[in-house]
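Turn these sequences into a full structure, and let the hints guide you.
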Amino acid sequence: MNEIFTNLYNKVIGFFRQTEKQETSAKDVACNRLRVVLMQDRTNLTPELMERMRKELVELLSKYVEMDKEALELNLEQDGDQVALMLSIPVIRAKDEEEIQKALQESEEEKEKSEEEDSSEKETSETVDSEENNANKDSEKEESPQEKETDAKEENPSEDKK
Amino acid sequence: MLSYPQKILDSLNKINYTTNIKGETMSGRVIVITSGKGGVGKTTTNANIGTALARAGKKVVMIDTDLGLRNLDLLLGLENRIVYTIVDVVEERCKLKQALVKDKKNPNLCLLAAAQTRDKSAVTEEQLKDICETLKKDFDFILVDCPAGIEQGFQNAVAGASEAIVVTTPEMSAVRDADRIIGLLEAKEEIKSYKLLLNRVRPNLVKTNDMMSVDDVVEILSADLIGIIPEDTGIITSTNKGEPIVNDDKSLAGKAYRNVARRIIGEDVPFLNLEEDTSVMGKVKKFFSGLMGKEK
Ligand SMILES: Nc1ncnc2c1ncn2[C@@H]1O[C@H](COP(=O)(O)OP(=O)(O)O)[C@@H](O)[C@H]1O
Ligand SMILES: [Mg+2]
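Protein sequences, first through last, are from chains A and B. Once you know that position 60 of the first sequence is 60 in this note's numbering, the rest is easy, because the numbers rise by one and skip nothing. Once you know that position 202 of the second sequence is 202 in this note's numbering, the rest is easy, because the numbers rise by one and skip nothing.
Everything labelled a hint here was simulated from the structure, so no lab data went into it. Think of the CB as a built atom: it goes at the ideal place given N, C-alpha and C, for glycine as much as any other residue.
Coverage of chain B stretches by chain A, computed from C-beta distances (three or more under 8 Å per stretch; other residues unrestricted):
no.: 1; region: 176-183
no.: 2; region: 211-225
Straight-line C-alpha distance at most 27 Å; calculated DSS-like pairs for lysine-lysine:
no.: 3; chain 1: B; residue 1: K207; chain 2: A; residue 2: K27
no.: 4; chain 1: A; residue 1: K27; chain 2: B; residue 2: K195
no.: 5; chain 1: B; residue 1: K37; chain 2: A; residue 2: K27
no.: 6; chain 1: B; residue 1: K136; chain 2: B; residue 2: K188
no.: 7; chain 1: A; residue 1: K113; chain 2: A; residue 2: K102
no.: 8; chain 1: A; residue 1: K63; chain 2: A; residue 2: K111
no.: 9; chain 1: B; residue 1: K37; chain 2: B; residue 2: K241
no.: 10; chain 1: B; residue 1: K97; chain 2: B; residue 2: K136
no.: 11; chain 1: A; residue 1: K63; chain 2: A; residue 2: K113
Taking beta-carbon pairs under 7 Å as the criterion, some of the chain A residues facing chain B (in silico):
no.: 12; residue: A26
no.: 13; residue: K27
no.: 14; residue: A30
no.: 15; residue: C31
no.: 16; residue: L34
Here it is as structure tokens:
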């Protein structure tokens, strides 16, 4: 008699346990997806831009430390009512002074080179640029002036937009 | 059950609110009710908070800025009384006072209706600002019903306001749009404060983890809460009758809206605990977990 009851009891509890297991279900999925999407909305950073930023950071930081380039992690995280950019860099080895100086020098040289290229390129690209601008203006006319204003006020009107 | 709020309402009714002690004209609070996403309950919220504030003895005017899609008149049962609209006011076919439609029951409550035949461009931000400024002199509260979206209609509705109530439901798309609206409101200097109103909460779905909870939404949006309104079929019947649900003393949604009005006035009212499981299953569960000792 007693056995039947314990049996029944276990079955019932088992049933409830099963339903409770679903805690990682709809609600959690919704919350997590929303957090990611809102962070992108708030910062105007799409996954593509994040990847680009990650690559640029790897390039920059490699001058100073030797690191696992694939393992550099860059994430947007909610910190209270602020969005934080979390960067985790697995350092393999510290570079010595010489190596750092060399890397810095190399990047200086590269910069100069690209600046030269830039200035020569500019003249040719200018005409294209202004044409593009005109096209932009036309499409923007449909937007309200207010909307543009608030857009400009947003935190990072990233140059990448253009 | 409602003896406590009623007492407060009665005492508020005795206060002379139209002029302050020095006899100066008063300056009302302009609150815009907005959401981004359509259909989340802005207009319902407007009608109910407006009615509740008026029942609490406040002088209230509601402005419907949803030109071309007017609804507020229907929710209040005033659709047959509208002679002039906000467009008639700005195009100077009538005085502002002439366009204010008095509520059937409550003389403290008025509506400035939207034009049904015109588009959003018929009224400008400046004009709305002016209307709000003028109304501030005669009313305690000016509630502005905002159209959906973030375009000109939104900009117009927000123009004259210094406070905002952001309405959302516990659904991803509504929360996302609310976040966008909050971003826009934060960029507006004139908006001094905004509060979140969570509508259509379904405790049963929250309990089974099928829906985001109030805490989830508040945490994700990191905004202050002004009210939690349960999903309530009574809202549909009350809309059909043209009678806001706050007038139904037995309705839970009505009570939730009355509480919002009290919080707006400045009272400290605890939130209704909608998420307490009162279903049969919930009780059974509680019983068994009681037997088991402390089970998660
Ligand atoms: N708490 C609620 N419970 C049930 N139905 C609701 C609730 N709030 C709003 N509704 C319904 O949702 C619909 C949209 O509401 P409405 O106030 O017109 O939204 P909005 O003004 O944001 O477009 C209406 O049919 C209304 O009756
Ligand atoms: Mg509406």
